[in-house]
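So the protein sequences, as listed, match chains A and B.
Position in the first sequence counted from 1, then plus 6, gives you the working numbering.
Position in the second sequence counted from 1, then plus 455, gives you the working numbering.
Keep in mind the hints are simulated off the structure, nothing from the lab.
Please note that a few of the clues may not be correct.
Capping the alpha-carbon separation at 25 Å, the derived lysine-lysine pairs in PhoX-like fashion look like this [as the list claims (entries may be wrong)]:
no., chain 1, residue 1, chain 2, residue 2
1, B, Lys617, A, Lys121
2, A, Lys218, A, Lys62
3, A, Lys8, A, Lys190
4, B, Lys617, A, Lys79
5, A, Lys114, B, Lys617
Only part of the chain A face toward chain B is listed, based on derived beta-carbon distances under 8 Å [unchecked claim]:
no., residue
6, Leu59
7, Arg78
8, Asp89
Which chain B residues face chain A? A few, computed with CB under 7 Å, are given here [as the list claims (entries may be wrong)]:
no., residue
9, Ile621
10, Ala627
11, Phe630
12, Tyr641
13, Asp679
For clarity, every value in this text was computed on a predicted model and none was experimentally measured.
Where is the CB? At the ideal position from N, CA and C, for every residue including glycine.
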Amino acid sequence: MKTAVNVEKITVAYKKTPVLQDVTFSIPEGQLVGIIGPNGAGKSTLLKSILQLVPKTAGDVSIKGKTVQQQRKLIGYVPQRGDVDWDFPTNALDVVLMGRYGHIGWFKRPKKKDKEHALSCLDKVGMKAYADRQISQLSGGQQQRVFLARALAQDASIYFMDEPFAGVDAATERAIIALLNELKKQGKTVLVVHHDLQTAEEYFDWLLLLNKHLIASGPVSKTFTTDLLQKTYGGKLAFLSSS
Amino acid sequence: MSYDMWIILTGALVGAACGIIGTFLVLRKMAMIADAISHTVLLGIVGAFLVSQTLEGPFMLIGAVITGLLTTFFIQVLDSSGVQTDAAIGVVFTALFSVGVILVSLFARNVHLDVDHVLMGDITFIPFHTIEWNGMTLGPKAFWLIAVVLVIDIVFITVMYKELKITSFDPAMAFALGLPVTALHYLFMSMVSITTVASFDSVGAILVVAMLIVPPSTAYLLTDRLLFMILYSAAIGAASAVIGYYIAQWLNVSIAGSMASTTGILFLLAFLFAPQHGIIAKRLARRLSVTES
Ligand SMILES: Nc1ncnc2c1ncn2[C@@H]1O[C@H](COP(=O)(O)OP(=O)(O)OP(=O)(O)O)[C@@H](O)[C@H]1O
Ligand SMILES: [Mg+2]
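Pulled out of the complex, with its shape left as it was, chain A reads as follows (with noise of 0.2 Å):
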């Protein structure tokens, strides 16, 4: 199998303190991969850093062989709700469109097939009604959703998103894995940022199990297991009581 991602002993400090240290894993392509920790684990450093959006102290990360710089069009990403402004004017299809930026280029404005592509994107995810609604006035799933949309305009092969599920209700959640299974029959490779136990199991092939360090990386069959969850979790427990 190929290797979608491979990231080298990546470190990443925020101010001094490490966040992130010395973390190695490489990932097949087409797989679903949880990537699971407790809140502070370093989950979202490590997509940010994978992206080049936070500096790392150390370490390489490669995407199918080659830099991230030369493979930013094969590269999704959905951030976390919070980091954007949702009282920005601005509607959902907008919103959508935005993911057809890196395809357009520069200067041009997006052209009618850019914007059916991104009607067709939000019908995907059950949100054609709203493609004019202002991103304000739709509820917190609804622009999950929104923020999935665009991701999918993107039409990238690797897509990172942080929590998804977040604040969508069991129903959207459904949907939403129905629509990354998708994507991995296509042959892409998704890498989510998930919090519950209950259902990583079911919903992942592979999976990262991150506290500040890696602690294990591999087949759910494998990596699922109380023994690697203690240790995950646990540290971060003794971390808190010893304090």
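Chain B with the ligands: place on chain A using the hints.
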């Protein structure tokens, strides 16, 4: 054209240019940085004067861009090394501005460049400094300066519309797409700087901030679409200038002050009466939903 007409026209262009550029300042939550730049460009103007010995438009614009970029850069540096953003702005703002004030009092005392003028502006005298060409009088310099800058602003916003939009809404996504977010930021700050300088003659450094921030904030209450926000903001800025001029004539008060106050009055009107986001509309909507349920 009459003196009055030139003053009104110049003011309207200032309102429009500031309204357009200010829209993105407001959306990027950079009102305070605009305030800093509107003062530090004084240093750029003096610098340009010391180098070129003139107060010609192009030199002023270059000086403004340089100090605008320096201001942005220093704030960025302090910010990323752990200083609180508002403190960083305060430090850079006062440091560069005070150097500007000292340089003016040292070297530029004899020219038409006193601190008062830069701070307060004086639109009344605009018609006396004209551009001559082949013996023809083409109108006030200040008018042509802001006209050129307005055209630059419009071209900039038109060409970079989608890039500005995404870097304002979701800079992380923009970066992930491979857009040069930082370079765009500095380019945008250059536009803010030249717009500010070109507005000085009319409204001065203190009140230009009102023209940059208040009309976009008013427009924000009136629409949910970015393009309309820009257009409304430009219109509101221009209208504030014109209405402000007449109010100043009528009450015999400072024109610049009156223009800035008008932006405030229009904001208040929108704040109260805007169809969706005004507080009266919101109250009514709440009452309706209460009686319905
Ligand atoms: N911009 C920042 N500046 C300083 N520290 C930060 C910054 N962002 C995150 N951190 C710190 O880095 C650590 C990891 O944060 P991160 O957001 O990656 O965690 P996470 O695993 O995504 O947590 P959550 O489950 O709460 O989203 C935390 O201790 C956090 O306080
Ligand atoms: Mg997170």
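The hints, checked one at a time:
For the suggested pair B:Lys617 and A:Lys121, the alpha carbons sit about 14 Å apart, so the restraint of at most 25 Å is met. Pair hint A:Lys218 plus A:Lys62 holds up; C-alpha atoms about 14 Å apart against a cutoff of 25 Å. Taking the CA atoms of A:Lys8 and A:Lys190, the gap is about 14 Å. The hint holds against a cut of 25 Å. With a C-alpha separation of about 17 Å, the suggested pair B:Lys617 and A:Lys79 falls inside the 25 Å cut-off, and the hint holds.
For the hint linking A:Lys114 to B:Lys617, the alpha-carbon distance of about 8 Å falls within 25 Å, and the restraint holds. Against a cut-off of 8 Å between C-beta atoms, the interface hint on A:Leu59 holds, since the closest Cβ of chain B lies about 5 Å away. The restraint placing A:Arg78 at the interface with chain B holds, with a minimum CB-CB distance near 4 Å, inside the 8 Å limit. Taken as an interface hint, A:Asp89 checks out: its beta carbon lies about 6 Å from the nearest beta carbon of chain B, inside 8 Å.
Nearest Cβ of chain A to the Cβ of B:Ile621: about 5 Å, under the 7 Å cut. The hint holds. Using the Cβ-Cβ criterion of 7 Å, the hint placing B:Ala627 at the interface with chain A is satisfied: the shortest such distance is roughly 5 Å. About 6 Å separates the beta-carbon of B:Phe630 from the nearest beta-carbon of chain A, less than 7 Å, and the hint is met. Taken as an interface hint, B:Tyr641 does not check out: its beta carbon lies about 17 Å from the nearest beta carbon of chain A, beyond 7 Å.
A distance limit of 7 Å between C-beta atoms decides the matter here; for B:Asp679 the minimum to chain A is near 4 Å, and the interface restraint holds.
The structure shown violates just one earlier hint, number 12.
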